[in-house]
Amino acid sequence: MPKLTEKSVEALQPQDREYVVWDSEVIGLGVRVQRTGSKSFILMYRRGGKKRKHTMGALRVGYGVKEARERAKDLLKGLRDGVDPQEAKAEERQALSVAELADLYLELGPALKPEKKQSSWDTDRGLFRNHVKPLIGRMLAREVTKVDIATMQLDISRGKTARNEKTGPRRRSVVKGGKRIASMAVAVLGACYQWGIETGRVSHNPTKTVKAFKINRRERYLSEKEVACFSEAIAEFEREDPRMEVMADAVRLLMLTGCRKSEILTLEWAWVDWRKSCLRLPDSKTGAKVVPLADAAVALLKRRWEAGRPEPDMRGHNSGERPEPKRRSPYVLPAMKGEGHYIGLGHHWEKVRLRADAIARKRAQEAGEHPDDVPTLADVRLHDLRHSFASFAIADGASLFMVGKVLGHKQARTTEIYAHLSDDPIKQVANRTADRLSQAMRF
1 MPKLTEKSVE ALQPQDREYV VWDSEVIGLG VRVQRTGSKS FILMYRRGGK KRKHTMGALR
61 VGYGVKEARE RAKDLLKGLR DGVDPQEAKA EERQALSVAE LADLYLELGP ALKPEKKQSS
121 WDTDRGLFRN HVKPLIGRML AREVTKVDIA TMQLDISRGK TARNEKTGPR RRSVVKGGKR
181 IASMAVAVLG ACYQWGIETG RVSHNPTKTV KAFKINRRER YLSEKEVACF SEAIAEFERE
241 DPRMEVMADA VRLLMLTGCR KSEILTLEWA WVDWRKSCLR LPDSKTGAKV VPLADAAVAL
301 LKRRWEAGRP EPDMRGHNSG ERPEPKRRSP YVLPAMKGEG HYIGLGHHWE KVRLRADAIA
361 RKRAQEAGEH PDDVPTLADV RLHDLRHSFA SFAIADGASL FMVGKVLGHK QARTTEIYAH
421 LSDDPIKQVA NRTADRLSQA MRF
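Quick note on the working numbering: the sequence shown kicks off at 1 and runs consecutively.
It should be emphasised that the hints constitute simulated quantities derived from the structure, not laboratory data.
No residue lacks a Cβ here, since even glycine has one placed at the ideal position from N, Cα and C.
A portion of the hints provided could be inaccurate.
Simulated crosslink set (DSS-like; lysine-lysine; CA at most 30 Å straight-line) [claimed, not checked]:
1. 116 to 214
2. 39 to 77
3. 116 to 208
4. 116 to 39
5. 116 to 66
So the derived label-pair ranges between C-beta atoms look like this [as the list claims (entries may be wrong)]:
6. 175 to 307: 26 to 32 Å
7. 112 to 19: 40 to 46 Å
8. 7 to 70: 54 to 60 Å
9. 158 to 235: 41 to 47 Å
10. 82 to 118: 33 to 39 Å
11. 225 to 303: 24 to 30 Å
12. 172 to 61: 44 to 50 Å
13. 166 to 339: 26 to 32 Å
14. 173 to 203: 31 to 37 Å
15. 169 to 358: 30 to 36 Å
16. 165 to 270: 38 to 44 Å
17. 270 to 375: 39 to 45 Å
18. 275 to 223: 31 to 37 Å
19. 172 to 238: 24 to 30 Å
Sequences and hints are given; from them, build the entire structure.
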């Protein structure tokens, strides 16, 4: 049995049947020559009294006799330590990729997280589909490192996975990047790995030591003048197109209740408690909750209730046929077309805030101010109406505890983002005191 060399292996020619030439230096190492002429290195060994054959790879540039011999020695050493190369190869084939682990998490994860909302699962699914899978989805989950996660986060923040493409008639797919999305992707991947550890599918969580981007919370609170500009803007849309009444009332309810957008858009008449002047929401981001209603909100709801009153059946119609009577929608804000609730607020809000911004600049100019000195309203989000509700409550002397109760916060720390607003009265006292002292010191 000769010692394999690069020259001897290269000289091997195909025959009528497959054959193997063995190496004399590393027992069990051989080169297999197939009828087609292709050559590959194999390792024969015994395990549990049985012979096993492990294919190490085809002969190619950069992988010749020397490399095969070193690989064979490593495999034999591992065999002595109890690692069977065939079993390791089978395990490798069965190892989950990041994409496969994510799919299992999305499918089976809700069983261990029954309180997590479906909307949150939908958000997770979007993060995996749009950001995680395109970057590291094909990698084996067990081989992902801290560096891989950090690189993924950086790539997402720089917009590597962002896209804006047409997906059909009048439809586009817009995927945004940025630091916030990047940190969210790391968080959801970390939750996926943690689930994988709990269910025995992976042994480590590579996201644990990755430093997530620090996200500065964007806080925008409307002033009374700005609220008036938005009120005028939605009233203009309402006058221009009566169908916009549902949009206008949606914005008004958001302003008057401090509710989240989804809570108002999906609001049903069955959840309005007229006697107690409150909304009894069976579900929300924080579970079932009661929302107290101000008199202005109750008046708005009563107006919509009266406007949606069903028409009486038409008795004695000359044709002998009775037209289908109008029925009340179960939703406070019904869809502008078809069944269901109103869903176009996001699209309409873009136009509303631009109109409100134009109104604010016009008023500033009429007051002798420079329009550019007016804070823009073009970037105000619908969720900022909820923040503004809290800021007005605190300005009127409400405590953080009471504001949290009205907004439906389960944890006190959620309401703490408004803590600085409650310092304003203290600052006013400090200013008045300092003014008197400065007068006394005459500077």
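Practice problem: Against the earlier hints, flag every one the structure doesn't satisfy and list their numbers going up. | Solution: When the structure is compared with the hints, numbers 4, 5, 6, 7, 8 and 10 turn out to be violated.
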